[in-house]
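A.B. asks: Sequence:
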Amino acid sequence: MKIVRKVTVPPAVLAIKKSIGTLSKVILMVEGNKGYAATIQQIDAAMGLATAAKRALMTQLLDDTVQLGAKNPKKLVADLQKLYTTGVK
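By the count of my numbering, the sequence shown reaches residue 70 at its end, each step adding exactly one.
FYI, nobody ran anything at the bench for these hints, they're computed from the structure. Fair warning: this is a prediction, and the values are worked out from it, not measured in the lab. A couple of the hints might just be wrong.
[Claimed, not checked] Simulated pairs of lysine-lysine, BS3-like, Cα-Cα distance not exceeding 30 Å: (1) Lys55 - Lys35; (2) Lys6 - Lys35; (3) Lys52 - Lys63; (4) Lys(-1) - Lys63; (5) Lys35 - Lys63; (6) Lys35 - Lys56; (7) Lys(-1) - Lys15; (8) Lys(-2) - Lys15; (9) Lys(-1) - Lys52; (10) Lys(-2) - Lys52; (11) Lys35 - Lys52.
Construct all of the structure, not just a fragment, from the sequences and the given hints.
C.D. replies: Right, dumping it as structure tokens:
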């Protein structure tokens, strides 16, 4: 079975591109000795965008798995739990 996707840019790609742009701004802020608070706020924004990209990719993984039919649902759930908790403190 073939997965059919729209030609639009996936949400994960948009979030990653925005995160890259935000991190580029952070570099300029640090090099330009901008305020610490504003710089830290931009770092938090980039982290939020990275989290959004992760969430979008996990959602796509679930959608693709449902379309194809999970051959081993227990393993899928274990893998998703591992992915979801990565980086969670």
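A.B. asks: Take the hints in turn and mark each one as holding or not.
C.D. replies: Quick rundown of the hints versus the structure:
1. Note on Lys55 and Lys35: the hinted pairing holds, with a Cα-Cα distance of about 21 Å set against a maximum of 30 Å.
2. At most 30 Å may separate the alpha-carbon atoms for a hinted pair to count; Lys6 and Lys35 meet this at roughly 21 Å.
3. Between Lys52 and Lys63 the CA atoms are separated by roughly 18 Å; this keeps the pair inside 30 Å, and the hint holds.
4. Restraint check for Lys(-1) and Lys63: the C-alpha separation of about 26 Å stays at or below 30 Å, so the hint holds.
5. Distance hint between Lys35 and Lys63 is fulfilled; the C-alpha atoms sit about 13 Å from each other, no more than 30 Å.
6. A distance of roughly 19 Å separates the Cα atoms of Lys35 and Lys56; the hinted pair therefore holds under the 30 Å criterion.
7. At most 30 Å may separate the alpha-carbon atoms for a hinted pair to count; Lys(-1) and Lys15 meet this at roughly 20 Å.
8. Taking the CA atoms of Lys(-2) and Lys15, the gap is near 23 Å; set against the 30 Å cutoff, the hint holds.
9. Note on Lys(-1) and Lys52: the hinted pairing is violated, with a Cα-Cα distance of about 35 Å set against a maximum of 30 Å.
10. The hinted pair formed by Lys(-2) and Lys52 fails the criterion: a straight-line CA distance of about 33 Å is larger than 30 Å.
11. Restraint check for Lys35 and Lys52: satisfied, since their Cα atoms lie roughly 23 Å apart, inside the 30 Å limit.
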